[in-house]
Every structure is written in structure tokens, then in C-alpha cells.
Amino acid sequence: MSLPVLVLAWLTVILVAGLAVTGRWLFPEVADPSWVLMAVLLPSFWGILEALQRRKRGRAVDEAVHWYRWITVWIGLVIAVAFASQLAVAAGIVGPEWAPIARRARGVIFGVGLAVAGNYLPKVLSPWRADEEPPGWQPAQRFFGWVAALCGAALVVVWLSLPVATAGSASEAITVVFVLLTLGSKLVSTAVYSRS
Amino acid sequence: MHQVFKALSDPTRRRVLQLLRERPMTAGELAERFDVSKPTMSAHFNVLREAGLIDAEKRGTTITYRLRLSVLEDALLGFASTLGIEPGAQHRRRRSADILVDEPGS
Chain D
42 MSLPVLVLAW LTVILVAGLA VTGRWLFPEV ADPSWVLMAV LLPSFWGILE
92 ALQRRKRGRA VDEAVHWYRW ITVWIGLVIA VAFASQLAVA AGIVGPEWAP
142 IARRARGVIF GVGLAVAGNY LPKVLSPWRA DEEPPGWQPA QRFFGWVAAL
192 CGAALVVVWL SLPVATAGSA SEAITVVFVL LTLGSKLVST AVYSRS
Chain B
5 MHQVFKALSD PTRRRVLQLL RERPMTAGEL AERFDVSKPT MSAHFNVLRE
55 AGLIDAEKRG TTITYRLRLS VLEDALLGFA STLGIEPGAQ HRRRRSADIL
105 VDEPGS
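Chains D and B, in that order, are what the protein sequence lines are. Residues 42 to 237 in my numbering are what the first sequence spells out, letter by letter. Residues 5 to 110 in my numbering are what the second sequence spells out, letter by letter.
Keep in mind that the hints were calculated from the coordinates and are not lab data. Treat the hints with care, since some could be wrong.
What the hints assert, rightly or not - The calculated DSSO-like cross-link candidates involving lysine-lysine, where the alpha carbons are at most 27 Å apart (straight line), are: (1) B:Lys10 <-> D:Lys164; (2) B:Lys42 <-> B:Lys10; (3) B:Lys62 <-> D:Lys164; (4) B:Lys42 <-> B:Lys62; (5) B:Lys10 <-> B:Lys62; (6) D:Lys164 <-> D:Lys227.
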């Protein structure tokens, strides 16, 4: 069994556990609907990647899928580690006084995860051949990478330096900025592709 | 990382990366922008490719290069370009300083 398949199996177990928590079958006090989204989105994204990989679409697509696969594994690991700290508090392995520290750790882990994924995103090749690549693709990917890396770094700084309540609000603001900039760059790049 | 630093230390290679920021380019398109022989340009492309900073795709006899810079490598490129880092620059500065000292009347 290859390493990515093993990681996928492990990730699925973690995500099913996350779903169980969200569905209030386990530890109702940590129920959080965002885990349903995570539990559904990551394996389905992986499924799409695997389906893409089965079709022979050239080296560029294969390489892109390879990078996206490992970025998915990385995001999965980040979520799992973040989830573990939450679970530890809920299971009583550590006392409730650790809840703010667990929340802070989750924020820092998400920040590091976003920064690392953002750092590598511009290295992902486009699905087009080099001589057919739309002119806006590379700048858009580079912009997205920079936004993700900087927002990730900002999350780490915020969660390490501010009080938990303030850090929570600041991280929500950073997330909104990240989503808006990402969607904006996506819209701009799509407009550029359609013109080219 | 050593290969990345080596690749970014040369001004010609940095210029190649700056040109590729605009769009993917063929080896010929890139070479005509430099006053350097083709084998030297090929050597530069190889160093960049081995460092994983560019990707080469061959179609017939044409090789097209495109950028593969991570955010960190992009920042390093900007840093090296701003400071004008080049291999042996310190050594050359020291030599030119020695020449100035040796010159009569200086």
C-alpha cells in the first residue's frame, strides 16, 4: 500500500471521528458544524485528484495533481492535529483550563498550515502546456500563494501575541481578507483567460 | 536550498527569472535578450532547472521554460536582485581596491 493511500485511510478515520463529534454522537460539547464541511470536502477533493490522475492528461496535469495531493495531505494533517487538541480537552485528557491554549494552538497550526501551503502553491504547474498557458495564470497563482503565505503568517503572529478573544476576532478578519483577495484574484484571472 | 542560493547568486539567472515572471518563454526568446553564447545560456538554464526554479517543456526542437518559484524563493529573488548579489563580487571589489592602492598617485 502506497504512502498517500495510507495517509488517506488515516485521514478518513480522523475525519469520520470529526463527523461523529459534529453529529453529537461523541463529545457533544465540542460539536462544530465546520467539521462536517471539512469531513466532506477533503476526501471529495482527494477523490477528484485521484480521478484526474487516472486519466492520462500529460506531464503538467500529473505534476499539478501530485502537488495538490500533498497539499491536501498537509491540510488534512493540520486539521487532524488541530482537531486532536480540541478532542483532548473534550475527552478530559487535559483539563478545561487548557481550552484557551488548545484554541491558540489550533490557530497557530492553521496559520502555519496556510503559510506552508501558500508557499508551495506557485510551484504548481498549470494544466496547460507551457507554450499554451494563458498569460494571467502564473501571476494569479503567484498572487494567491503570497496572499495565503502572508495571511498564514499573520494568523500565527495574531494567535501567538494577542489575547484569545481578540485573536479570535482578528483571525476572522484575516480569513475574510484571505477569502476576498482569493476570490478577487480568481475572478480577475478568469477574465484574463477568457480574453486570451 | 544550496542549489537555490547558487542559482539566485548570478545576475544573468536572476534576469532570466524576472523575464519568466511575465510569461513562459522559449530558450531562443530568452537567449536573444542576453549577450551571452548559447552554451553559456544552456548552462544557466540547467542550473535553474536543477534548483527547481524553472520547468522545461520540449516540443519538437523548441524548449519552453516557465517559472516555478515558491513564495520564499520569490522573496529571495527580490532580495538578491535588490542587493545585486553576485558570485565573487566581494573578491572583485577587494581586487579593484588593491589595484587603486597600487596605482601611482592614488
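Status of the hints after comparison with the structure:
1. Straight-line distance between C-alpha atoms of Lys10 (chain B) and Lys164 (chain D) comes to about 19 Å, which keeps the hinted pair within the 27 Å bound.
2. Note on Lys42 (chain B) and Lys10 (chain B): the hinted pairing holds, with a Cα-Cα distance of about 20 Å set against a maximum of 27 Å.
3. Restraint check for Lys62 (chain B) and Lys164 (chain D): satisfied, since their Cα atoms lie roughly 19 Å apart, inside the 27 Å limit.
4. With a C-alpha separation of about 17 Å, the suggested pairing of Lys42 (chain B) with Lys62 (chain B) holds against the 27 Å cut-off.
5. At roughly 25 Å between alpha-carbon atoms, Lys10 (chain B) and Lys62 (chain B) fall within 27 Å of each other, so this suggested pair holds.
6. Between Lys164 (chain D) and Lys227 (chain D), the direct Cα distance comes to roughly 17 Å. Compliance with the 27 Å bound is thereby established for this hinted pair.
Violation of the numbered hints given earlier is absent; every hint is satisfied by the structure.
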